[in-house]
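Residue numbers (the working numbering), protein chains in the order written: chain A, 166 to 272; chain B, 2 to 151.
Read the hints as simulated data drawn from the structure, not as lab findings.
Note that the Cβ used here is the ideal one computed from N, Cα and C, for glycine as well.
Some hints could be false.
As the list claims (entries may be wrong) - List of simulated lysine-lysine pairs, PhoX-like, C-alpha gap at most 25 Å:
1) B:9 - B:128
2) B:140 - A:248
3) A:192 - A:176
4) A:255 - B:94
Unchecked claim - Covered stretches of chain B, as calculated for chain A (at least 3 residues, CB under 8 Å):
5) 12-19
6) 45-58
7) 114-122
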Amino acid sequence: MCTVLEYSGDKLTALLSGEIDHHCAGKIRDEIDTAIEHHRPACLVLDFGGVSFMDSSGIGLVMGRYKLMKSIGGEVRVENTPKALRRVMKLSGLYQLAKFDQEEIEL
Amino acid sequence: MRPTNSIKIEFESRSVNEGFARSAIAAFAAQLDPTIDELCDIKTAVSEAVTNCVVHAYPDRLGKVYISAAIYPDRRLVMKIRDVGCGISDVAKAMEPLFTTGADDERSGLGFSVMQSLTDRVRVRSKIGGPTTVTLEKKLSSKGEKDGSL
Chain A
166 MCTVLEYSGD
176 KLTALLSGEI
186 DHHCAGKIRD
196 EIDTAIEHHR
206 PACLVLDFGG
216 VSFMDSSGIG
226 LVMGRYKLMK
236 SIGGEVRVEN
246 TPKALRRVMK
256 LSGLYQLAKF
266 DQEEIEL
Chain B
2 MRPTNSIKIE
12 FESRSVNEGF
22 ARSAIAAFAA
32 QLDPTIDELC
42 DIKTAVSEAV
52 TNCVVHAYPD
62 RLGKVYISAA
72 IYPDRRLVMK
82 IRDVGCGISD
92 VAKAMEPLFT
102 TGADDERSGL
112 GFSVMQSLTD
122 RVRVRSKIGG
132 PTTVTLEKKL
142 SSKGEKDGSL
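Bound conformation, chain A alone:
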């Protein structure tokens, strides 16, 4: 697991990779939150493109960032969710909270 953070034009992008479970969710959360506090972006993009596994800890991670971004008047976008992760995303109801690429919701 490692997280690469990129900031440009009011948008903070977190490129997530590896396996997201309870063991590593705390570290990812701290890294992203530190960057949010620092940049106060209008939009946080969580890019799941490099994630090979995720359980409900990943859902907690998205929900928590959603709350944080909402508190500073920003939004969360979820991008590049691999097919294997979409079932868990879907059953969590996250599609109602964060913004997803339309094609990801349909698949």
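Given chain A, put chain B in place with the hints provided.
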């Protein structure tokens, strides 16, 4: 029905072992030649059950987590994840979607919902101060079902 194969593993409730546990069970399940989706479901469900042991059964200490898994001739995989931690006072409540006692730690409260969605059957037996056993059962598709020849 007797299992055609079975395993048992035991490990400490360290969070780093969540990955070990799901990979170990996935490796055992591999002999059933599961689909990628089925393997992903198994890993995710086991990860949820083991995380519950790490987070809730032993909140302030390390304890032992025991997993047994068995394969049955009808291609059922039965996994039992057991701890001897604090026990669950209200199992029905614990299984409600979004219910969590770990809100501060950003637990989503979806662990049991995920287990129920990704397996065929989830049973929980628990006693306060005594052992908790989560039994997950999943029937894997047969080769004919997978390639459409059935």
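The hints, checked one at a time:
Using a Cα cut-off of 25 Å, the hinted pair residue 9 (chain B) and residue 128 (chain B) holds, with the two alpha carbons roughly 22 Å apart. The hinted pair formed by residue 140 (chain B) and residue 248 (chain A) meets the criterion: a straight-line CA distance of about 22 Å does not exceed 25 Å. For the given pair, residue 192 (chain A) sits about 21 Å from residue 176 (chain A) by alpha-carbon distance, which is consistent with the 25 Å threshold. Simply put, residue 255 (chain A) and residue 94 (chain B) have alpha-carbon atoms about 22 Å apart, close enough for the 25 Å limit, and the pair holds.
Counting residues of the stretch 12-19 of chain B whose CB lies closer than 8 Å to any CB of chain A gives 3, which reaches the minimum of 3, so the coverage claim holds. As drawn, the stretch 45-58 of chain B meets chain A at 6 residues by the rule of a beta-carbon pair under 8 Å; at three or more, the given contact holds. Coverage of the stretch 114-122 of chain B by chain A holds. Counting CB-CB distances below 8 Å, 4 residues qualify, and the rule asks for three or more.
When each numbered hint is compared with the structure, no violation occurs for any of them.
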